[in-house]
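Participant: Quick mapping for you: the protein sequence lines, in order, are chains X and P. Sequential numbering of the first sequence, starting at 1, is according to the working numbering. Sequential numbering of the second sequence, starting at 1, is according to the working numbering.
Honestly, the hints are just simulated from the structure, not real lab data. Keep in mind that this is a model prediction, so the values were computed, not measured. Accuracy of the hints is not assured; some may be wrong.
[Unchecked claim] Each computed DSS-like pair below joins lysine-lysine, with the alpha-carbon atoms no more than 30 Å apart:
no.: 1; chain 1: P; residue 1: Lys30; chain 2: P; residue 2: Lys8
no.: 2; chain 1: X; residue 1: Lys11; chain 2: X; residue 2: Lys40
no.: 3; chain 1: X; residue 1: Lys150; chain 2: P; residue 2: Lys90
no.: 4; chain 1: X; residue 1: Lys11; chain 2: X; residue 2: Lys39
no.: 5; chain 1: X; residue 1: Lys17; chain 2: X; residue 2: Lys93
no.: 6; chain 1: P; residue 1: Lys91; chain 2: X; residue 2: Lys135
no.: 7; chain 1: X; residue 1: Lys17; chain 2: X; residue 2: Lys150
no.: 8; chain 1: X; residue 1: Lys93; chain 2: X; residue 2: Lys40
no.: 9; chain 1: X; residue 1: Lys135; chain 2: P; residue 2: Lys90
no.: 10; chain 1: P; residue 1: Lys37; chain 2: P; residue 2: Lys8
no.: 11; chain 1: X; residue 1: Lys150; chain 2: P; residue 2: Lys91
no.: 12; chain 1: P; residue 1: Lys91; chain 2: P; residue 2: Lys14
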Amino acid sequence: MESNKAELTEKIIDALKEKYEDQVLGIESPYELLTVSLKKEMIVEIIHYLYNHPDTRFQFLTTLCGIHYPDQNAIAVMYQLHNMVTNQRIRLKIFLPEDDPVTPTITPIFAGANWMERETYDFYGVVFEGHPNLKRILNVEDMIMFPMRKEFPLEDQVREDKSDNMFGR
Amino acid sequence: MQTVSLDKVIVSDKPDGLEGAGFFATNLEKVVGLARKNSIWPLPFATSCCGIEFMATMGAHYDLARFGSERLSFSPRQADLLMVMGTIAKKMGPVLRLVYEQMAEPRWVLSVGACACSGGIFDTYSVLQGIDRIIPVDVYVPGCPPRPEQIIEGIMNIQRLVETESLRRRNSPAYKAMLNTYGIE
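Chain X on its own, in the form it takes in the complex (with noise of 0.2 Å):
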């Protein structure tokens, strides 16, 4: 089984590489799940090649968010894929830059990317080119930040009833 599963790796790994070996920045296995820095270019093509090619078949999005690294000024999205057929995953990474974070949606091949998509817009501000309804959907609309970005402090800026000392702000 352990083996098995070692190939089926291999083979994901080998059938991204025949065609987009240039496009990979590392590969990884935190915690025994399969991750794939990609670069950003090509993402929606990546996603679409893997959605189809015989071996990896990745054809269900599980989630889809955003990272940010302020120490590399960069916004990163995640997209986990699985396979239901082999129950195989996979986590593509892609880096954007943190001024200008703009990458292609991918609702045309995951429906379902709709709603992920527009969270990852709310939270930390990433522009999903051609997305049908590009807006906020967990946060008050009138929301001047992005509040997962490190720069906004988590805590509401507009009490004056705490004191810094005693609640440790």
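Following the hints, complete the assembly by docking chain P onto the known chain X.
Facilitator: For chain P alone, kept in the frame of chain X given last:
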């Protein structure tokens, strides 16, 4: 089993007034206050754990019905008292405000629990830091969550306000000015 003779049961204390054979005279305000105080229809706006404490308060053991609040009103149009229990997220703010605006005068607001009163432990960008930022509050019940006894004390404090409130208060310019500070007509 202990028996209580009916003439010892006090349903409600009678207000000050002149009493004689076959008549009792007092002023209208006191009678209206007495009636209102003992027939408050609360509208529960329960969003989290304080709501569970409220359910205990309404249940047979603590029994809020003893205070004249037998009937909960789930329509704001018929409610006298808005009981806000639980964390109010900023996105819930306009909903709460709309519910308050739909209530007919006279109306009172009871803020139950640390979150409704001040945001509580949720000192964060998504949570309203106290409902008094959007609607006027009459009585605050602190606690995280407060016990049913404390909620009942809050209700009794509301009753005290209801009983003693002037009948003209809601028509006064001061009251309108107070509402205007919240941006409510």
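Participant: Evaluate each hint against the coordinates.
Facilitator: We went through each hint and held it up to the structure:
| no. | hint | verdict |
| --- | --- | --- |
| 1 | P/Lys30 - P/Lys8 | 23 Å, holds |
| 2 | X/Lys11 - X/Lys40 | 23 Å, holds |
| 3 | X/Lys150 - P/Lys90 | 21 Å, holds |
| 4 | X/Lys11 - X/Lys39 | 21 Å, holds |
| 5 | X/Lys17 - X/Lys93 | 16 Å, holds |
| 6 | P/Lys91 - X/Lys135 | 15 Å, holds |
| 7 | X/Lys17 - X/Lys150 | 34 Å, violated |
| 8 | X/Lys93 - X/Lys40 | 9 Å, holds |
| 9 | X/Lys135 - P/Lys90 | 17 Å, holds |
| 10 | P/Lys37 - P/Lys8 | 21 Å, holds |
| 11 | X/Lys150 - P/Lys91 | 22 Å, holds |
| 12 | P/Lys91 - P/Lys14 | 45 Å, violated |
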